[in-house]
Structure formats: structure tokens, C-alpha cells
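Participant: Here is how the chains run, residue by residue.
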Amino acid sequence: MKILEAIELKKIYKKNVAVKGISFHLNQGEILGFLGPNGAGKTTTISMIASLIPPTKGDILLNGKTILTNPKPLRKILGVVPQEIALYPELTALENLRFFGKIYGLKGNKLEKRVEKVLEIVGLEERAKEKIEHYSGGMKRRINIGAALLHQPEILIMDEPTVGIDPQSRNHILDTVKKLAENGMTILYTSHYMEEVEYLCDRIYIMDAGAIIAEGTKNELKAIVSKNDRIVMKIDRYDKEFDSALKSIPEVEGVTFNNEMFTIIYKKGSNLLGNIFRLAEEYQINILSIDVKTPSLEDVFLQLTGRGLRD
Amino acid sequence: MGTVIYGRILQMKKNYKTYLMMFILPIIFSYVFLYSGTDNSKIKIPVADQDETVLTKQFIYEMNQSESYKMVIMENNEVLRLVEEGSVQLGIILPKGFANQVANGEETTIQLVTIKDTSDIISFQSVLASTFQKMIGKYQITNTALLAFQQIGEDINMSSLEQRFSQLLNEKWEHAMPMEVVSTILDEKTSFEYDPRLQTPFGFMLFFSMYTVIYSIGEMLNDRKYGIWDRLIHSPLSKLQIYMGNFVYSFMVSFIQIALIILTGRFLLGFNFGDNIWIVFSIIALYIFAIMALGMLLVSFVKTTQQLQAIVPIIAVSNAMLGGAYWPIEIVTSKILLTISKFVPITYAMKAVKDAVLYHQGWDALVLPGSTLLFIGIILMGLGMYWIERKVA
Ligand SMILES: Nc1ncnc2c1ncn2[C@@H]1O[C@H](COP(=O)(O)OP(=O)(O)OP(=O)(O)O)[C@@H](O)[C@H]1O
Ligand SMILES: [Mg+2]
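Line by line, the protein sequences give chains W and A.
The number in the numbering used here is simply the position in the first sequence, starting from 1, with 1394 added.
The number in the numbering used here is simply the position in the second sequence, starting from 1, with 8 added.
The set of hints was computed from the structure by calculation and includes no laboratory data.
Keep in mind the model is a prediction, meaning the values are calculated, not measured.
Incorrect hints may appear among the rest.
Taking CB as the label site, the calculated pair distances span [said to hold, decoys possible]:
(1) K247/A with E1645/W: 29 to 37 Å
(2) P1448/W with I386/A: 20 to 28 Å
(3) K1459/W with K22/A: 21 to 29 Å
Straight-line alpha carbon distances no greater than 25 Å define the calculated SDA-like cross-link-like pairs of lysine to any residue that follow [as the list claims (entries may be wrong)]:
(4) K233/A with A267/A
(5) K233/A with Y1529/W
(6) K1504/W with K233/A
Idealized CB from N, CA, C, for every residue including glycine.
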């Protein structure tokens, strides 16, 4: 059942078009993934849903009713985890949570209970009395999420909640998200980390340059690239002309270079290896390792845009 | 609304030392300027009494009762010397025959010695005139009473009676007719009363509070920086509630700051803030509103609190100079400056408080300056809100 729906949503800033008229929906109880590189328009889209900025065009419906003229029904049931930490640095975690609970009309005993519960969810009961500014990056992220959970929102929007943190905190957050969904929360999760979206999400929209370029379940998306194979190759030095030469091979669908590694997506069944070795010799490049793999979601993006998610 | 204020108070508790300074320093500075330099801040006036009668002594005594001046008796040439070398702005000479002239109802003159024509003279003259009239009043009562005794024909020692009588009158007079002096001044439309005991603390508190009001309103910029603002906006709180919370907080802090200055002055230092302190508080409230609106306008222009902190001192100092917080606006003669001062909230707050406290106009003092402050406030607030909201979209 559609709980939230965006129709032809568009946002134009003075110079650039941040979101180019996208339509999508959020089903009750699912974890929906928004996958896209920097500047794809994820945050802009979320800001429009959260009525922080008005769309230039289009509509957003909650259970079929527009929220643009009356955002209040959505605001009551919406939790937003912003991309940047949004907490009072001089206050303790406890004080921050109390404050954000009060915003949603919680008070007294009920407020204290919820604060306790949220601290438990994010696993910071022990450090609750410390100032946020003394927290580590991961702990800040966790309280940042906690601040959106106090009023037990039906819909939770998370904007890249794991950016820039250690693996432990990251795993903790991912597990938290899973648990929240199991308890019936509807979640919109944005990220440019492939693995996260692959691990968490039931359905995925892939965004690039303000547009949705693909949508579907994990498997549906992978089917897009199932006609393809992928080669990952390590070389001793990068050469621009070698890169262009690879791209100009007819069977090649996409090429990226990252961490001294080329990733090449190409039509299944075509014999590419011979071509690659020949080009390497021509440009005097040493291949240190080469691997043929089955495609991942990242390759979907690579194939659709010809670029990597995190170039 | 309450939640926004709650959040601010939480932050305030963390920075309680800053706030403590914010509340205490202005109190000290508002009054310290008054006490520095001369004793009791009274302006010393050298006076040569050539007549040396009961009446002239009486006159000097009465002059010393004024809040602004202290008479120092000396020789004639001493007075002239001090004025000439510029150590004092002015001196007076009470000529021989002064008492006689007064007794016979003839025109009397008091010689004013000065080399510059400053505004101080005007205010001194008005004090001189009112004191003189007050004294004449007493003198005539004494004389009438003595005449009555004489006519009844009692056998009394006239000179000792006269002394005793005027002595008693001096003691009782203050209690009986405390308003006499000021009412005479009111009639003299051309003069103004400069009272440093009001001007200095009041000017300074209006000046200090500009910082408090604008910085406290500027906390909204910090909310924006930390992303708290967005959390507030997408919560069920309405924009009105969020803004009102900020306004009420800013108002509270600023009002407490000023109220502390006034109450300290009134009850610990014995300052006179007029017959009705609520009038003064009302002026302050309207003034804070106007400055808050100015703060909103500034907040709409700048992006960060740092930028705000760079602008506020410029605004506050120029406002204080133009609006007569540092010196009485009455001494400003430049047409341009006077015109600019019409747009400065401090001008109206100073005017209202002077009308209320010095000229005892009561609530009437509030009507015109008060409504002007309100008007300025509404206009600036409207503009500020409009620009802030436009910036977001
Ligand atoms: N206030 C603004 N004014 C002008 N342009 C903006 C504004 N906010 C965002 N943009 C532009 O809109 C585009 C989309 O930005 P957005 O922040 O939505 O991307 P994103 O997908 O969230 O990226 P990231 O992964 O880096 O967070 C970018 O090109 C950005 O420069
Ligand atoms: Mg973003």
C-alpha cells in the first residue's frame, strides 16, 4: 500500500536544476533505498518531502492527500535523520533528546521513558550524560538518528546516516535500521554506499543528476546487467589514452578507474581479454591482476551512467 | 513555543558564566561612569558671594540641593581665574545689594561668568532660575510671617526669629512641596534639563541591551548552522511558534538585564527613575521590541553569527551616538544628524524616559515615542521576516 507518493517533483535553484521532475512512492512497512552519487539530488528530494523547501513543481501525497498546502499530518508521523549532525553540541545527549522529544509534544514520564528507550536503541545509555561535542563521529551519528525516533514516527527518512564513520558504528546503525523496519516503521534510506542499500532495502531507486534512472527490487535491477559481465583489473599506472581506448571497444558498456583498479562492464560472451591485453601492450601498461566477476548493483549504475558511484 | 525557550534556557545554563557577566557588567558600567571623577558626579560651580547675607547663603544652600551642581564659595577673582583658565565652564557672582534688591522687590542680577557658550549654560541657567524662584517663595513667606508678628505687636527678637523661621522652612519645605522646582522648568520651553544621573545610566543600558537583544535573536543563526532549525521546521511546531519562542526568549533575557540595572539603581544606589517605574519599564519593553525587529532584519542579511557579531557593534555604537545615549540629543545641532536620529529607536526611548522622569509627564510621555517605537518595530520585523523566509525558498 502506498503511504507516500511524489509526483513529477521538481526543484530548480537559480542556476541549476537539482531535481528534474521525479515520481516515486513509498510502501507501508518497506525499506526504500535511494542510491545516487554526490549531487544526485537525494537531499533536495528529502527536503521537499520534509517541507523544508517548497518544490518548484509537482506534488507530494500522504495517503492520497497533498502535504504541500497542509504539511501537519505528515509532520506528526515523520522522522528525519539529516545528513549533517543536527544537535546542540554543548548539550548532553540526554538534554538533546529531551529537547527534541518536547518538540513533538512529549513530556513528563512519557518523555523520560522514550528518551531511555531511544538511548537503548542507539546503544548509548552509558554515555548519555556527556556533551555531544565530546562524542566520537559514530556516537554523534547514532544520537542524530535517535533524535528522530523519539515520537515513534511511522515514516523515517534517513539521509546518508552512515557517512564518515567507523565500521562498528556503521554495522550498529544498519542493524538498528533493520530492527526498526521489523517493528513496522516505513523507512526511506538514502546512500551512495552500494552494499548498504543492497543489504537493507526491499526496493531501490537509483538517482543521478536529478533524475531517477532505474527502479526496482535488488534482483530486478541486477537483471538489467545480467546480460553483462564485469572485469576488474589492476594496473601499474593510469593512462588516459588507454582508458579511452578501452571505452572505444564496441562490446564495452562502461569503464571506471578507482584505487588503481579498472572496472569494465561488457556484453556477456564477448571475448574481451584478448583485446585488453593487446591494448595494454600497445600503451606499455603492466596488468598486475585481472578478474572476471558477476555484476553487482554498482555495475548497474556504471552501466546506466558510464560512471562509477563514487568517482 | 515553550520548547524553543526551554532549549535556549538549557544552552544558557551551559554558558551561565557568560550570562552572569552579561547581567552584572552592564550594571557596573551603567553607574561607574557616574561615580568616576568628581564626587557624586556633581558639576562644581565656583561662586563669589559679595553680599554675604542670609539670603545669599540661603541661595547657595538651595543650589546645592540640585542633583547636578555643587557650589564652591570663593573670592571674586578666584572665580574669574578658574573660568579663564578653563578648569570650570562657568562661575557665578552674587553682587552686593542682592538681598536688598530682592527685599524691595527690585530686579536683581546674578552674574554668570563664562568664556564659552555651551549648552551646559542653558541647563545651568534653568536650574538657577528655578532655585531662585523657589527661594523667593520661601523668602516671601518668611517676610509675611514676620510682618504678621510685627503687626500683632509681640515683643520678640526679630533677627533670631527670622533665622529660626527660615531654618524650619528649609527643613519642612522639601517635604511639603517637592515638585516646585520642576514645574518652573516645564514652563521654559527653550531650555532642557541635563541630568547626568539619568542620562548616563539610561543611555548606557539602552546601548548595552542592543547587544543582548540582537545576539539573543541571532541564536537563530546558530540553530540554522547546527541544523536544529530544520528539525524544528519539519516538526509539528508551527513557524509562528518557533519565531515566538525566539522572540519571547530574547525579550526575557534583555528585559531582565535592563530591569536589573534599573532596580539596582533604584533600590541600592537610590537613583530616581521617576514617580512611576512601570512607565520606565513600558518604555523599555517597547524599545526592546524595536531592537528585536532590527535584529531580525540583520539576521536576514547575514549568514553566520560571526557576521552578526561583526555588524552589531557598528550598529549599536552609531545608534547610541545618533540616538543620544552617550550625550543628550539636545546638544546636537546638525540637521542631518537630527534627521537620521529620527530613525533610531534609542532616540525615542531616551525622549520618552526624559519626559517621564525629568518632566513628570506620566503615561503621556509614552504615547508618541512609544507608538513610534512600535511602528519602527513592526516595519523592521515585517521586512526581516520577509527576507528570512525568502532566503529559505
Ligand atoms: N541551496 C541550493 N542552492 C543551489 N543549488 C543547490 C542548493 N542545494 C543543492 N543544490 C544543488 O542541487 C544538486 C543536488 O544536491 P543534493 O544535495 O540534493 O545532492 P545529494 O544527492 O544529496 O548529494 P550528496 O550525496 O553529496 O549529499 C547539487 O548540484 C547541488 O549543488
Ligand atoms: Mg545529500
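Participant: Each hint: holds or not?
Facilitator: Hint check results:
1. K247/A with E1645/W: 29 to 37 Å: violated (57 Å)
2. P1448/W with I386/A: 20 to 28 Å: Distance hint for P1448/W, I386/A holds at roughly 26 Å.
3. K1459/W with K22/A: 21 to 29 Å: With Cβ atoms ~42 Å apart, the hint is violated.
4. K233/A with A267/A: It is violated: about 32 Å lies between the C-alpha atoms, which goes past 25 Å.
5. K233/A with Y1529/W: holds (19 Å)
6. K1504/W with K233/A: violated (30 Å)
In terms of the numbered hints stated before, the structure departs from hints 1, 3, 4 and 6, listed from lowest to highest.
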